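Turn these sequences into a full structure, and let the hints guide you.
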Amino acid sequence: MNSYAYTLLIPLIPFFVFLFVGMAEDKLKGKLGGLIGTVGLGIATFLSYYTAFKYFITDHVHGTAYTSVKAFEITWLHLTEKLTINLGILIDPISVMMLIVVSTVSFMVHIYSLGYMEGERGFARFYSFLSLFSFSMLGLVLATNLFQMYIFWELVGVSSFLLIGYYYEKPSAFSAAKKAFIVTRFADLGFLIGILILSFTTGTFDFQTLVDPNGPAISSAGGAAFMGLSLLTWALILIFVGGAGKSAMFPLHIWLPDAMEGPTPVSALIHAATMVVAGVYLVARLFPVYALGGPVALEVVAWVGAFTSLFAAVIALTQTDIKRVLAFSTMSQIGYMMLSLGVSGYGGEEGLGFMASNFHLFTHAMFKALLFLGAGAVIHAVHSNDMSEMGGLRKYLPITHMTFLIACLTIAGIPPFSGFFSKDEILVAAFHSNKILFGIEYLVAGLTAFYMFRLYYSIFWGHDRHYHHTPHEAPLVMTIPLMILAFGSIFSGLLPFHHLVTSDGLGFDSHIDWMIAAPSILIGVVGIAVATLMYKTENSRPAAVAKTFSHLYRWSYRKFYIDEVYLFVTKKIIFNYISRPVAWFDRHIVDGTMNGIANLVVFCSFNIKGLQSGRVQQYGFVFVSGVVALVLIFVYLL
Amino acid sequence: MIDNIPLNSFLVISTLMFFIGIYGFLTRRNLITMLMSIELILNSVNINFVVFNKFLYPNLLHGHFFSLIVIAVAASEAAVAIAIIINIYRNFKSIDVENLDQMKL
Chain R
1 MNSYAYTLLI PLIPFFVFLF VGMAEDKLKG KLGGLIGTVG LGIATFLSYY
51 TAFKYFITDH VHGTAYTSVK AFEITWLHLT EKLTINLGIL IDPISVMMLI
101 VVSTVSFMVH IYSLGYMEGE RGFARFYSFL SLFSFSMLGL VLATNLFQMY
151 IFWELVGVSS FLLIGYYYEK PSAFSAAKKA FIVTRFADLG FLIGILILSF
201 TTGTFDFQTL VDPNGPAISS AGGAAFMGLS LLTWALILIF VGGAGKSAMF
251 PLHIWLPDAM EGPTPVSALI HAATMVVAGV YLVARLFPVY ALGGPVALEV
301 VAWVGAFTSL FAAVIALTQT DIKRVLAFST MSQIGYMMLS LGVSGYGGEE
351 GLGFMASNFH LFTHAMFKAL LFLGAGAVIH AVHSNDMSEM GGLRKYLPIT
401 HMTFLIACLT IAGIPPFSGF FSKDEILVAA FHSNKILFGI EYLVAGLTAF
451 YMFRLYYSIF WGHDRHYHHT PHEAPLVMTI PLMILAFGSI FSGLLPFHHL
501 VTSDGLGFDS HIDWMIAAPS ILIGVVGIAV ATLMYKTENS RPAAVAKTFS
551 HLYRWSYRKF YIDEVYLFVT KKIIFNYISR PVAWFDRHIV DGTMNGIANL
601 VVFCSFNIKG LQSGRVQQYG FVFVSGVVAL VLIFVYLL
Chain G
1 MIDNIPLNSF LVISTLMFFI GIYGFLTRRN LITMLMSIEL ILNSVNINFV
51 VFNKFLYPNL LHGHFFSLIV IAVAASEAAV AIAIIINIYR NFKSIDVENL
101 DQMKL
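Respectively, the protein sequence lines represent chains R and G.
1 is the number of the first residue of the first sequence in the numbering used here; add one for each residue after it.
1 is the number of the first residue of the second sequence in the numbering used here; add one for each residue after it.
Everything labelled a hint here was simulated from the structure, so no lab data went into it.
Keep in mind it's a predicted model, so treat the numbers as computed, not measured.
Errors might be hidden in some of the hints.
The calculated label-pair distances, taken between Cβ atoms and stated as ranges, are [what the hints assert, rightly or not]:
#	chain 1	residue 1	chain 2	residue 2	range
1	G	N87	R	F603	36 to 44 Å
2	G	I20	R	T593	49 to 57 Å
3	R	L637	G	D101	34 to 42 Å
4	R	F603	G	L11	42 to 50 Å
Cβ coordinates follow ideal geometry from the N, Cα and C atoms, glycine included.
In structure tokens:
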């Protein structure tokens with residue numbers, strides 16, 4: 001035990017809240033369940049901040065590297081002498097950073113939901129699920145080994161499933177929940193195989209051993225090869241498949257837009273700020289292995305990230321559902337983070353991309369949660385998700401309007417908001433690594449600014465629509481989290497991440513490279529300007545542009561038909577040519593054999609049951625005939 | 001006197017009794033009659049014991065004793081059987097064997 005042992009409480013408090021609120025659901029009247037959940041998470045948040053303060057400031061000796069500390073560990077499953085599965089808590093820069101992200105956003109969402117979910121059926125159920133999610137996510141970020149991470153990885157999947165399907169009476173909600181679960185579960189298969197290969201080649205699940213540059217993982221890089229790549233590289237690629245599923249990377253992204261069927265605070269918490277960045281966290285967690293052991297896998301990460309960020313940004317341009325725009329924007333930003341990890345090297349200044357990725361993860365969590373909660377306030381006011389039913393809301397929702405504007409400026413990368421700093425670091429890292437990737441990201445930065453301001457103007461500017469009742473500002477319990485997150489969005493860019501969260505634990509000096517920052521501000525401003533021109537007042541320009549690029553517009557609007565491709569592949573090909581024959585075989589051959597045996601037995605029993613009639617004289621007759629027959633045989637034949 | 005009658009006559013009698021008993025046991029519905037048929041079968045066996053003893057081992061008494069044992073067994077069997085039949089009658093209000101094809105009431 002050591003001075004961090006109390007961190008065990010951080011995941012455990014939400015867990016007990018989940019058990020308590022979940023079991024006492026019917027008895028908790030009014031908002032009591034929500035208040036218990038909020039207070040529990042408040043304590044966990046406080047402990048997280050205290051841990052961060054202690055780890056980064058009071059316990060750190062200036063000029064030395066940040067080390068990872070195992071606060072707690074028990075052997076959970078003892079399978080053989082060599083194979084044990086542990087559960088524990090690992091404290092290191094990225095896990096502490098994630099603690100802050102998860103607990104802050106979760107706490108804000110807890111408070112916000114007190115207002116947003118008021119009067120919903122199953123209010124306490126909602127809070128018990130939120131607590132379950134918080135527990136799982138905190139357990140995930142604090143995991144000491146890959147297997148523990150996998151356990152909590154599945155747990156966040158389950159809680160995401162439960163929360164997306166919160167309105168389980170709505171068919172679209174539960175089909176979205178199923179879709180999210182199945183797609184991520186499919187990706188997790190890759191993750192599991194990756195874990196097995198990785199632990200097979202290295203003999204350990206433990207992160208501290210795995211990421212040790214002289215440890216067994218990295219030295220096995222030159223080991224057995226399969227299809228031209230080392231086993232380690234394959235393991236890393238497969239683990240990345242799991243991460244890509246959770247983080248909605250192309251082509252496993254199809255669940256994220258549908259997941260917006262869940263309540264908006266859930267989208268803010270799970271599908272914007274925390275769970276979807278679990279994939280980024282996973283790659284960051286194993287980053288030394290990727291960087292030193294499997295550069296090819298890292299290149300895959302970079303290209304998948306870059307492609308996804310462009311792909312999602314293009315789709316976001318034309319979507320009309322406000323939450324879906326934000327969902328695609330999330331995908332695009334996570335693509336940024338993946339790309340940034342992908343182009344990073346290990347150690348010192350080389351690790352700029354690693355730092356930038358975590359930095360962006362941090363700032364993104366703030367502004368994306370803010371955007372979603374702002375969108376929630378708008379939806380709360382007008383009872384619709386559709387942008388075409390919104391307009392001129394800035395008069396009615398002044399606080400939401402201001403905070404939303406701040407978030408839009410942040411994501412567009414306008415200084416001095418935090419998004420500028422983190423995005424700039426990513427662009428610098430990409431520029432020094434690969435000019436094509438840099439070009440893609442540069443373009444995406446412009447697209448991001450454009451679609452965010454398209455969203456902003458469509459909601460808050462233009463003329464009023466026919467509202468059912470005059471839209472009103474959300475209650476204080478909802479606007480306070482907005483303001484806190486807006487504060488975070490503005491100032492979190494000033495955190496000295498290059499001293500705190502680096503690939504090897506040592507800080508390095510970083511400064512803004514104006515050669516790259518200036519053009520990136522410029523393209524952000526251009527994006528905003530174009531959006532202003534097209535959407536500030538309603539005019540015919542958007543329609544004209546859509547007409548000019550009608551093919552591209554349609555493809556983007558239909559999300560490049562990826563869903564249709566999946567449906568085609570699953571329904572037409574897999575169902576028809578694989579599942580049906582297999583099902584037929586199962587029903588007729590496997591079941592048929594068993595049913596045949598059963599039928600045969602029944603048939604025989606029916607036919608011989610007459611022998612057991614219970615009539616004494618019949619038995620006697622059979623007996624006598626038998627005796628006579630035997631006598632005849634013995635006398636005449638033998 | 002018995003020395004004047006040939007062995008075959010005794011055997012014919014006992015065989016007839018035996019098969020009459022079997023016939024009665026298999027065809028009569030009435031439990032009492034079935035019991036009487038069993039007595040016939042047992043008595044045909046007794047005749048055989050006595051006769052074979054007399055004709056084959058005139059100096060020994062084993063066959064006689066066996067027939068005495070059979071008579072004792074038949075007596076006790078009759079007592080038990082009649083007790084059972086009375087109980088059956090109390091439950092079924094009949095002593096027809098056709099009704100007795102179930103393991104429970």
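Hints, verified against the model:
1. G/N87 - R/F603: 36 to 44 Å: The hint (36 to 44 Å, Cβ to Cβ) holds, given that G/N87 and R/F603 are roughly 39 Å apart.
2. G/I20 - R/T593: 49 to 57 Å: holds (56 Å)
3. R/L637 - G/D101: 34 to 42 Å: Given range 34 to 42 Å: holds, Cβ gap about 36 Å.
4. R/F603 - G/L11: 42 to 50 Å: Holds, at about 49 Å.
The structure agrees with every numbered hint stated previously.
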